[in-house]
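Dock chain to chain to rebuild the complex, using the hints, since each chain is given by itself in its own frame.
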Amino acid sequence: MDKTKLLRVVIIILGIALVVLGIFHNDVRDVLNKAIRICYECIGIGVLL
Amino acid sequence: MKNISKKNANDISIKRKFIQLITAILCNAHLTGFYTGKIYQGNLKAACVPGLNCYSCPGAIGSCPLGSLQSALVSSKYRFNYYILGVLILMGAILGRVICGFLCPFGLLQELIYKLPTKKLKKNKITRILSYFKYIVLIVFVIILPLISLSPAFCKYICPQGTLEGGILLVKLNDNLKSLTGGLYNYKVAVMTLIIVACIFIYRMFCRFVCPLGAIYALFSPIAILGIKVDKNACDHCNACVKICKMDIKHPGDSECIHCGECINVCHVNAIEYAKFVNKNKKLKQEN
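Line by line, the protein sequences give chains A and B. For the first sequence, our numbering puts the final residue at 163, and the numbers step up evenly by one. For the second sequence, our numbering puts the final residue at 301, and the numbers step up evenly by one.
One chain only, chain B, in its complex shape (with noise of 0.2 angstroms):
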């Protein structure tokens, strides 16, 4: 039993990273983008991509949607932007933090860097306090700053995917942006630097405590269509799917759970489910 548990815990793994890959490359399509310096100037850009990444990303294909929603807040002065307010609101609502654990590049990366194999800080309460300060970074540096300074300050001050995908590369591919780089940009390096070096050693450290969109698809984790759902009639509280999440979860599809489907195979009771796969994965225990 605990091998079969081992297997399909695997193949839940290996579905998700291949999910992850995919929707990276597709997010950064255009390959030429990395070569020439130039970025995607196309009509796709109207369209927001779920996850974290940077609209100035020589392969970027579509928007960053905490970009956009900071570059309404600065111009909400003279007229307010309806769409991505609309959209933020139905990729929530569908997918909420599925998108955290499948659809974003940057969590991906984490994943990656979290693989190097150092010793690791576990999930603590110092953690489960911290994961709340991604609801600060969303009011402070996504709403009230971009309104008073008239400036998009998350991504000026702390969005470590815009420099490693749209700043390291564009100034290395292009002198003339590299002769107007000074202290900001030397800022943005540390500040990426640090927040990678971070999760080397914490589990997707950015996610948990910093990303303002994890903390806006999480006020949606009650509602959203998809991702973990628990059948309360049938769990027993044993504990097992909270002890072997590296998230700082209270319990599996809570607005901390990113939805990767770790816990399903240790639930000895099988009472955690992907909503749309509820009876799949119910006939393919019973098989088992």
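Isolated chain A, as found in the complex (with noise of 0.2 angstroms):
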């Protein structure tokens, strides 16, 4: 396996270890908490400065 292909499967690897990671630290709950909500900044409601 050339160097570029292991550093492939490396990253994927981290990838999904850090999804697993983030399944189990309940990250997908603050994910979703922030999007079911209206993002004020995404649409420009808030002070400029």
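Keep in mind that the hints were calculated from the coordinates and are not lab data. All C-beta atoms, glycine included, are put in the ideal place defined by N, C-alpha and C. Any given hint could be a false lead.
Unchecked claim - BS3-like cross-link-like pairs, simulated, lysine-lysine; straight-line CA separation at most 30 angstroms: (1) Lys119(A) <-> Lys28(B); (2) Lys119(A) <-> Lys263(B); (3) Lys263(B) <-> Lys28(B); (4) Lys245(B) <-> Lys119(A).
Claimed, not checked - Covered by chain B, per the in silico footprint, the following chain A stretches (three or more residues, Cβ under 8 angstroms): (5) 124-135; (6) 139-150.
Said to hold, decoys possible - Quick list of the computed label-pair ranges, beta carbon to beta carbon: (7) Lys117(A) <-> Arg92(B): 33 to 39 angstroms; (8) Leu207(B) <-> Lys117(A): 39 to 45 angstroms; (9) Leu121(A) <-> Lys263(B): 16 to 22 angstroms; (10) Cys248(B) <-> Val161(A): 52 to 58 angstroms; (11) Gly160(A) <-> Asn23(B): 41 to 47 angstroms; (12) Thr118(A) <-> Leu160(B): 27 to 33 angstroms; (13) Val279(B) <-> Leu120(A): 30 to 36 angstroms; (14) Ile156(B) <-> Leu121(A): 20 to 26 angstroms; (15) Val161(A) <-> Phe93(B): 26 to 32 angstroms; (16) Asn189(B) <-> Arg143(A): 26 to 32 angstroms; (17) Leu128(A) <-> Ile139(B): 35 to 41 angstroms.
What follows is the structure, encoded as structure tokens:
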């Protein structure tokens, strides 16, 4: 296996591990909680500075 | 031969446009939101869409990866969000900037705007230098400012997608939100207008110079599974691929390449192919 392929495998395993860790860490709930509410900054509501 | 190449180029272009359109529709499949002015609040929103698609768009059924990342950084003082980091790494390592070329709704919009018949600004040394600006936007507006100011600075000060999909639509459909608009809203509409006007003259101006999501995926270009690959043994360095490309690439498949595939058919030695369709493409070209 060349270095690029090895790096790719390591990074994909790291990604999967982080997603799994995030699921057990309740991070998915945090993402959901943010996404189901209107993001005022995103739509331009609030103070400029 | 030239006609056959042109036909193949059109085929790739049409397929890509079709995928872009389907993705844009799927990402914004909460159609009732467009007339009720209410955003989707189901569990699907825990999943991130690959491209730039504001989660405050009334049609959005998934989360914006950039918005989620900034939100995670804002709250990282209390707990680190591993999930969003993992999702970005996975999408980058598997798809890379194929996402920019095929799966980003704002990319599609920019390409459609660019079709307006006017004089166009072609790529040059300045646009090549400007293509590094998106990394500054990533570091300053997506990472540093959210950590310091505890607000999603990219979404707040730059993102045209949030204004276009979320801001304008929601404010139009919701009187309460309309009453809250002020300086920030006017500023964001001005930034969005500027970007859209620039996209008439400059191909994918936002992608090339500003988009921090593209910058994140660009970091994964050397290892991404899908996308354009060049057979270095077959390549005779004629540079026809670089000349036809509207992005600021040094060679097909590099960090600026969005894997649109337009270079495939100008390669007279057939050295450029999509990684996953190597055999199929070679066979097709041999038959032709």
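Evaluated hints:
no., hint, verdict
1, Lys119(A) <-> Lys28(B), "29 angstroms, holds"
2, Lys119(A) <-> Lys263(B), "22 angstroms, holds"
3, Lys263(B) <-> Lys28(B), "25 angstroms, holds"
4, Lys245(B) <-> Lys119(A), "17 angstroms, holds"
5, 124-135, "holds (count 10)"
6, 139-150, "holds (count 10)"
7, Lys117(A) <-> Arg92(B): 33 to 39 angstroms, "35 angstroms, holds"
8, Leu207(B) <-> Lys117(A): 39 to 45 angstroms, "43 angstroms, holds"
9, Leu121(A) <-> Lys263(B): 16 to 22 angstroms, "21 angstroms, holds"
10, Cys248(B) <-> Val161(A): 52 to 58 angstroms, "54 angstroms, holds"
11, Gly160(A) <-> Asn23(B): 41 to 47 angstroms, "46 angstroms, holds"
12, Thr118(A) <-> Leu160(B): 27 to 33 angstroms, "32 angstroms, holds"
13, Val279(B) <-> Leu120(A): 30 to 36 angstroms, "33 angstroms, holds"
14, Ile156(B) <-> Leu121(A): 20 to 26 angstroms, "23 angstroms, holds"
15, Val161(A) <-> Phe93(B): 26 to 32 angstroms, "28 angstroms, holds"
16, Asn189(B) <-> Arg143(A): 26 to 32 angstroms, "27 angstroms, holds"
17, Leu128(A) <-> Ile139(B): 35 to 41 angstroms, "37 angstroms, holds"
No hint from the list above goes unmet by this structure.
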